[in-house]
Amino acid sequence: MTDNSKTRVVVGMSGGVDSSVTALLLKEQGYDVVGVFMKNWDDTDENGVCTATEDYNDVALVANQIGIPYYSVNFEKEYWDKVFTYFLEEYKKDRTPNPDVMCNKEIKFKAFLDYAMDIGADYVATGHYARIERDADGTARMLRGVDNNKDQTYFLNQLSQEQLSRVMFPLGEMDKKEVRKIAEEANLATAKKKDSTGICFIGERDFKQFLMNYLPAQPGDMMTIDGEVKGRHDGLMYYTIGQRKGLGIGGGGISNEPWFVVGKDMKKNVLYVGQGYHHEKLYSTHLNASEISFTTNEDRPDTFRCTAKFRYRQTDVGVTVRMNEDHTEAVVEFDEPARAITPGQAIVFYDGEECLGGGTIDAAYNHSEELQYV
Amino acid sequence: MKDAIYLDHASTSPMHPDAAKEMAEALTGQFGNASSIHRFGRSSRGFLDQARQVFAKSIHADPSEIIITSGGTESDNTAILKTAEAREHLGKHIITTSVEHHAVIRPMEYLESKGFEVTYLPVDQKGRIQPEDVKEALRPDTILVSVMYGNNEVGTVMPIEEIGAIIKESDAPAYFHTDAVQAYGLLDIDVQRDNIDLLSVSAHKINGPKGLGFLYVKDGIYLPSFMLGGEQEMKRRAGTENIPGIIGFKKAAEIMMAERQSRRERYRELAKKMLEELDTLGVETEMNGDPEHSLGHILNLHIKGVKSEQLIIHLDLAGIAVSAGSACTAGNIDPSHVLTAMYGAEHAAISESLRISFGMGNTVEDAVQTAQAIKNAADRLKKE
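Chains A and B supply the protein sequences, listed in that same order. The numbering of the first sequence is numbering that gives the first Met the number 0, which starts it at 0 and goes up by one. The numbering of the second sequence is numbering that gives the first Met the number 0, which starts it at 0 and goes up by one.
Among the hints, a few may not be true.
[As the list claims (entries may be wrong)] Using C-beta positions, here's what the derived DEER-type ranges look like:
1) A/N212 x B/I332: 20 to 26 Å
2) A/V316 x B/A344: 32 to 38 Å
3) B/D315 x A/F206: 38 to 44 Å
4) B/K113 x A/N212: 29 to 35 Å
[Unchecked claim] Straight-line distance between alpha carbons at most 30 Å, and here's what the computed DSS-like set of lysine-lysine pairs gives:
5) A/K26 x B/K374
6) A/K5 x B/K1
7) A/K244 x A/K92
8) B/K125 x B/K20
9) A/K76 x B/K306
10) A/K5 x B/K271
11) B/K91 x A/K26
12) B/K374 x A/K109
13) A/K81 x B/K125
14) B/K306 x A/K109
15) A/K76 x B/K374
16) B/K374 x A/K5
17) A/K81 x B/K303
18) A/K207 x A/K91
19) B/K381 x A/K81
20) A/K76 x B/K303
21) A/K149 x A/K109
22) A/K76 x B/K1
23) A/K26 x A/K5
24) A/K207 x A/K180
25) B/K381 x A/K109
26) A/K76 x A/K92
27) B/K134 x B/K91
28) B/K272 x A/K109
29) A/K193 x A/K81
30) A/K81 x A/K207
31) A/K26 x B/K306
32) A/K5 x B/K306
Rather than coming from a laboratory, the hints here were simulated on the basis of the structure. On a predicted model such as this, the values are computed, not experimentally measured, just so you know. From the three backbone atoms N, C-alpha and C, an ideal C-beta is built for every residue, glycine too.
Looking at chain A on its own, in the form it has when it is part of the complex:
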């Protein structure tokens, strides 16, 4: 067995079961493991209590069980500047941002990675469900997590080779059940803790209420593409392309099918709705994406074929990617028309198991017609 004791791995510990097991596995492999808890958001309530303190207490419990030092670091300012500001800006444009992608790119694998290097890390590790495979030449390739249901490469698509070369994802080889089992067998304090849900800074709170604290809502008409008013909307930012719930309109008409969000018109402040899951305005033949980024530094032709996901936990679809000259923007053509492309979300490219990278969706098209999604 290789001697890992001289290799320092700083584990981002959230107080959840995944990062607890990450730290445990690395410690068992003999690494010099250091746990660090990140506080990115101040959610102190009127009684001065915040969930971060409870989570930190769990980190302390687990770290002491495993026998590793643990510390905490505050990235509230960085998170606000890089993630939350972006999040609000996107909503202002009536797009649907993905703060998890941004958090990984700017906080967990930038601010935190830098911090870890400062305290002598050779690698950082997190409890993400993804795998890293290292080529003989040192290239780190990011592969999907073995647990298809938990695979998180979609959120990690913006990581660069420089970032990935210093990252470990020990959970990528296992499924969630195994992780829970390891935690239970080791009697870790977090073994039975329930998974966090939703966007971290909103938590269990009502999303609309949260957003309303930061952005003024502008209610307007909800109508069909033909201009028939079907009701009122609470503000375009609250709706996502393809959304069914929360429209407040039932079936009706000849088909009696449910209604879906099929478009947004920012200038007129109109939310377009259409009947039926397969409404034609929900289907795109191609999209435009920017912020294109790749996980390796390999040369790449301007045009290539691969598979892609344009939302988390979706089955891959076949695509042709046509990039601009400097490979920062791309037109992504779908082999089959794709439903509910959402501006602001990520489009992520795969070659088999490998996550190649991805970009941010800006616009969707049905042949030559741009769909009115923002």
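Once you've looked at the hints, dock chain B against the given chain A.
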């Protein structure tokens, strides 16, 4: 090279082996309740009385003026909250400083919420208050002045004797309380010379056990008991006495009194050595505190350009335990109110200061090894 070096004695200190030994023996051997009539009780009572004599002597007080408590926090809380309660009819004004320990600040804030007025005296850049400021702040309705003896973060010693004299001369109905938790064990504290009415002490800062301390209450002052119950401590503090702990505390106090002078000199030497080493290694530092009025065991250094939060982690991973000016616990950054009071909130020292505090067992080699570790960490952290 040692695997671990402890330089955080101002936070807490290891028990002296002799004190630990006596305490360990008492844990099984001396279990009687000091209030009991029988021989087991009388035996415990004997140890309690002896300890009280030692504590009294250590500050030039009378044994009847010593109330044994659960530590510095209880002593401070009792002195402040119970003075306020007992003397509310004479006035609702209290004077303290902006650099007190939280065991003083929080009770003050509590009293403010209950309608008392608290004047927080400012400190100079060395962390010291001016005696004249106390004089000016005193009013006919001032019932308490609470000024710490020596500061726990920067080690600055306050002009206690002058303040005591000022209060004595004034017409204000003010008691003089001092939190001597950090100074006890390093300075010759004389409650008569300094005209002190109330004084707080903790055992664990002088190589005694945790969870014990005492409050000196000058003869003639009556404070209502904080803990209500039995008639222990002449009805001034209810609760069965922790006899084994008190035995350990007594031993630690005896050792402290015998060694105080030599300890302080040694800590000063270690601090000097550390500064010389850092200087030789080219680490740019500035001392926070007052070299002329210093407890001696605390060396608070502004390590220029190096974030203390990361520096203490580096040092910890290298086996060296120190503390920082600003703490980050559970990700919450808590800037030092002491450094803030000295320099203002924007000063770089607030996020770049290290508190090194010497104590029992520290050697010149520790100082040398730590200086080198600071140099290594600073180089790595400044590279950015």
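In ascending order, which of the hints set out earlier in this document are inconsistent with the structure? 2, 8, 10, 11, 13, 22, 24, 28
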